[in-house]
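Novice: Given the coordinates of chain A, work out where chain B should sit on it, guided by the hints.
Chains as they are written, first to last, in this note's numbering: chain A, 182 to 623; chain B, 182 to 623.
Wrong hints could be hidden among the right ones.
To be verified - Derived BS3-like pairs: lysine-lysine, alpha-carbon spacing no greater than 25 Å straight-line:
id, chain 1, residue 1, chain 2, residue 2
1, A, K362, A, K375
2, A, K496, A, K372
3, B, K564, A, K496
4, B, K375, B, K451
5, A, K496, A, K523
6, B, K523, A, K184
7, A, K564, B, K496
8, B, K451, B, K418
9, A, K245, B, K184
10, B, K523, B, K571
11, A, K362, A, K372
12, B, K496, A, K184
13, B, K380, B, K362
14, A, K496, B, K184
15, A, K571, A, K523
16, B, K523, B, K617
17, A, K617, A, K523
18, A, K375, A, K451
FYI, nobody ran anything at the bench for these hints, they're computed from the structure.
2 protein chains.
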Amino acid sequence: MSKLIEPRTLKGFRDFLPATMIPRERLMETARRVYRSFGFAPIDTPALEYTEILLGKGGAETDKQMFRFEDSGGRDVAMRFDLTVPLARFVAQHAGTLGLPFKRYHIATVWRGENTQRGRYREFMQCDFDTIGTRSIAADIETTLVIHELFLAIGFTDFAIHVNNRKVLTGLLERLQLADKSTLVLRALDKLAKIGAAKVNEELASTTGATTEQAAAILEFATLAGTNDEIVAGVAKAVAGSALGEEGVADLRSLLAACAAAGVPDARLKLDVSIARGLDYYTGTIFETFLTHLPSIGSVCSGGRYDNLAGLYTKQELPGIGASLGLDRLLAAMEELAMLPKAATPAEALVTYFDAERLHDYLRLAALVRSDGIGVEVYPEPKKLGQQLKYADGRGFRVALIAGSNELSAGECQVKDLRTGGSETVPLADVPSAIKRVLSAG
Amino acid sequence: MSKLIEPRTLKGFRDFLPATMIPRERLMETARRVYRSFGFAPIDTPALEYTEILLGKGGAETDKQMFRFEDSGGRDVAMRFDLTVPLARFVAQHAGTLGLPFKRYHIATVWRGENTQRGRYREFMQCDFDTIGTRSIAADIETTLVIHELFLAIGFTDFAIHVNNRKVLTGLLERLQLADKSTLVLRALDKLAKIGAAKVNEELASTTGATTEQAAAILEFATLAGTNDEIVAGVAKAVAGSALGEEGVADLRSLLAACAAAGVPDARLKLDVSIARGLDYYTGTIFETFLTHLPSIGSVCSGGRYDNLAGLYTKQELPGIGASLGLDRLLAAMEELAMLPKAATPAEALVTYFDAERLHDYLRLAALVRSDGIGVEVYPEPKKLGQQLKYADGRGFRVALIAGSNELSAGECQVKDLRTGGSETVPLADVPSAIKRVLSAG
Numbered sequence: 182m183s184k185l186i187e188p189r190t191l192k193g194f195r196d197f198l199p200a201t202m203i204p205r206e207r208l209m210e211t212a213r214r215v216y217r218s219f220g221f222a223p224i225d226t227p228a229l230e231y232t233e234i235l236l237g238k239g240g241a242e243t244d245k246q247m248f249r250f251e252d253s254g255g256r257d258v259a260m261r262f263d264l265t266v267p268l269a270r271f272v273a274q275h276a277g278t279l280g281l282p283f284k285r286y287h288i289a290t291v292w293r294g295e296n297t298q299r300g301r302y303r304e305f306m307q308c309d310f311d312t313i314g315t316r317s318i319a320a321d322i323e324t325t326l327v328i329h330e331l332f333l334a335i336g337f338t339d340f341a342i343h344v345n346n347r348k349v350l351t352g353l354l355e356r357l358q359l360a361d362k363s364t365l366v367l368r369a370l371d372k373l374a375k376i377g378a379a380k381v382n383e384e385l386a387s388t389t390g391a392t393t394e395q396a397a398a399i400l401e402f403a404t405l406a407g408t409n410d411e412i413v414a415g416v417a418k419a420v421a422g423s424a425l426g427e428e429g430v431a432d433l434r435s436l437l438a439a440c441a442a443a444g445v446p447d448a449r450l451k452l453d454v455s456i457a458r459g460l461d462y463y464t465g466t467i468f469e470t471f472l473t474h475l476p477s478i479g480s481v482c483s484g485g486r487y488d489n490l491a492g493l494y495t496k497q498e499l500p501g502i503g504a505s506l507g508l509d510r511l512l513a514a515m516e517e518l519a520m521l522p523k524a525a526t527p528a529e530a531l532v533t534y535f536d537a538e539r540l541h542d543y544l545r546l547a548a549l550v551r552s553d554g555i556g557v558e559v560y561p562e563p564k565k566l567g568q569q570l571k572y573a574d575g576r577g578f579r580v581a582l583i584a585g586s587n588e589l590s591a592g593e594c595q596v597k598d599l600r601t602g603g604s605e606t607v608p609l610a611d612v613p614s615a616i617k618r619v620l621s622a623g
Numbered sequence: 182m183s184k185l186i187e188p189r190t191l192k193g194f195r196d197f198l199p200a201t202m203i204p205r206e207r208l209m210e211t212a213r214r215v216y217r218s219f220g221f222a223p224i225d226t227p228a229l230e231y232t233e234i235l236l237g238k239g240g241a242e243t244d245k246q247m248f249r250f251e252d253s254g255g256r257d258v259a260m261r262f263d264l265t266v267p268l269a270r271f272v273a274q275h276a277g278t279l280g281l282p283f284k285r286y287h288i289a290t291v292w293r294g295e296n297t298q299r300g301r302y303r304e305f306m307q308c309d310f311d312t313i314g315t316r317s318i319a320a321d322i323e324t325t326l327v328i329h330e331l332f333l334a335i336g337f338t339d340f341a342i343h344v345n346n347r348k349v350l351t352g353l354l355e356r357l358q359l360a361d362k363s364t365l366v367l368r369a370l371d372k373l374a375k376i377g378a379a380k381v382n383e384e385l386a387s388t389t390g391a392t393t394e395q396a397a398a399i400l401e402f403a404t405l406a407g408t409n410d411e412i413v414a415g416v417a418k419a420v421a422g423s424a425l426g427e428e429g430v431a432d433l434r435s436l437l438a439a440c441a442a443a444g445v446p447d448a449r450l451k452l453d454v455s456i457a458r459g460l461d462y463y464t465g466t467i468f469e470t471f472l473t474h475l476p477s478i479g480s481v482c483s484g485g486r487y488d489n490l491a492g493l494y495t496k497q498e499l500p501g502i503g504a505s506l507g508l509d510r511l512l513a514a515m516e517e518l519a520m521l522p523k524a525a526t527p528a529e530a531l532v533t534y535f536d537a538e539r540l541h542d543y544l545r546l547a548a549l550v551r552s553d554g555i556g557v558e559v560y561p562e563p564k565k566l567g568q569q570l571k572y573a574d575g576r577g578f579r580v581a582l583i584a585g586s587n588e589l590s591a592g593e594c595q596v597k598d599l600r601t602g603g604s605e606t607v608p609l610a611d612v613p614s615a616i617k618r619v620l621s622a623g
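Isolated chain A, as found in the complex (with noise of 0.2 Å):
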């Protein structure tokens, strides 16, 4: 025999086994779940594209990530690095056949090959739903309705939307004459929980040349708290003023109002004005999301309005709405929070081979609570029934049927459950309803 190859994955890289990837696909469905209910309809476009089509936007720091080699036809090629350069792509290609305006949803693989020692992965999944063709804020309303519902159907109630809305602080520093140095600011901002207000005044002072009067103004600005309300008027005397500024107060209002109307309750919703999210790309309204339990993990789903997201591809402005939930990160969370089953088997019910000659009975048994929805799986093997059981326990079923000769003969079967131990004999046709007394008694 000749020699082995040692089995491994490469670095960044990981596999999913059972009790991972059932809660991960059950995420990923959820989420599909949610987005078509808003009439978001699933795209996928390829894993390899043309390097020079991924780096249009990516920026530098992207470009050193990307997996890029030649393909055997000399072809400069790369693996997706994110799903928004692929969809401006996309977008820009088929702009005839979509139509607008146009929303999407795209679940799939991206690639970077990042330092691992931070605990990132090089293969990760994204999750992003759009909405391209119209400056409206009702899409922007949608957007956040759209996080809440997310929510609530993967299970959570305790989190917060924090939304944010970039013309306002734009607005405010073209009110302070500095408008050209919103990328300093930004910067100073970020650093506001780390290094306390004083030190923030200091690099205001010294990066921009802001006066004390201006870096008042906006650290003022930046720590506004209070109700959505409140902040809403603090921001709105802010900017007052400026043509922009006073059009992000009114987005802001417009949100915060509809939601309220769709019933979002207010302590899932905060306006936040000290969230930035990437200068350069987002124009409008800006979203991040928080687990009220593990603030720590930070922002699981972040998006939010652009102005133009082709065009590098296309002559067409295309402004647009979008967010992206961190599904890994979320998994994470979850795993964390112990929202998780432990199952590694995505049936409930595990049907023992009891008696040699009976497979047949198994089979009819097994297709018959199959028939009502119940997940099930036959033992392919009639060994020893403390060793299926043991099986079944490592598992992770729920229950148990067993029925040997005699039971059959007599139309019956042993509904187990495996986790207290108790049994009911049954019909064979009353199995479904045993076993969904057993799986209701949680």
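Specialist: Relative to chain A, chain B alone:
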């Protein structure tokens, strides 16, 4: 403004637009649902692996087709070209955690640098399920039942699972003392439909040195026809005396009897001694599945039993059985058979944005409809109704909900069937049931 980048995909790669992606996702969901209902659990593996791992089994043709490159860390890596090699690596690597028997499904993209002139794509989806760690015929039976359920669940009634067992041909050749010529025999038999019996006879004589009697026995075997019972009887006669052949006959009999007992009609399970599926890998039961109304498209679900999955990576012998749904081929078939809906939206209803001041009412109406399980999109801008209805029609919405200020003040809404053009005005609370009436009208 800088020069535009031409938006295009690589040769052999393609985008999936909503109208194609919606049925594609539904097909994957159906497969997942059926696999899970039999206790198969999902896994995922990296798109990129060490080339050494992937090279293991594929053979010369596959090697040339790999997307292979050196990553930025100097590793020789490649994109997976199937899901079987990664499964072998995965099971060898995680054997201790997984336990046996291990039943998994894996729906994922694979890449092959195929000649695109044959209408093949370089990126496509595979949809595999396997049971590993048992030699029991119960697993072969279950695999057959899964295929049967899968096609019913997708919406087919007219299909046939062709089943054979590698042991019976091997048994026949043993009996004829041509066991070492099996590759050549299969190569000749593969041409039966194309070149006819006489030419196959000639080829058998010239390549394997078969006598007239031997060649006649092989041809008689390969052309056995009739009911499953008649063919089994013919096979049993042909292999009588070969232990392996008799084992194959016993396996086939068990499988046919169990599937019949489980309710699979004879017309959907055909014993077909002419199918072979790659001599080297499969060692027992083999499957191909054909659509009655589109046989020309070839097998849409194939697989079989193997003795040792992961011999390249582990000393542990891992027998198993599995099959793979040809997702893209099946979708092409369903399109040809007009089984696919045409809609480019996953939502059923569009709320038209009729009165600019009434957005909150439209959002509330949408939430009401959605809470009843109906997908609904709110048009994002208060444009002319005709334009919105044209959009609804183009996307393939089934229903438009139309309400101006007067209707809303009266607590009413017009529910318009976009296929018939008919409409009825109902109280807002009755909108979900009015939509369901339209949908159930087909």
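Novice: Decide, hint by hint, whether the structure agrees.
Specialist: Results of checking the hints against the structure:
| no. | hint | verdict |
| --- | --- | --- |
| 1 | A:K362 to A:K375 | 21 Å, holds |
| 2 | A:K496 to A:K372 | 38 Å, violated |
| 3 | B:K564 to A:K496 | 24 Å, holds |
| 4 | B:K375 to B:K451 | 21 Å, holds |
| 5 | A:K496 to A:K523 | 51 Å, violated |
| 6 | B:K523 to A:K184 | 53 Å, violated |
| 7 | A:K564 to B:K496 | 24 Å, holds |
| 8 | B:K451 to B:K418 | 19 Å, holds |
| 9 | A:K245 to B:K184 | 23 Å, holds |
| 10 | B:K523 to B:K571 | 16 Å, holds |
| 11 | A:K362 to A:K372 | 16 Å, holds |
| 12 | B:K496 to A:K184 | 10 Å, holds |
| 13 | B:K380 to B:K362 | 18 Å, holds |
| 14 | A:K496 to B:K184 | 10 Å, holds |
| 15 | A:K571 to A:K523 | 16 Å, holds |
| 16 | B:K523 to B:K617 | 19 Å, holds |
| 17 | A:K617 to A:K523 | 19 Å, holds |
| 18 | A:K375 to A:K451 | 21 Å, holds |
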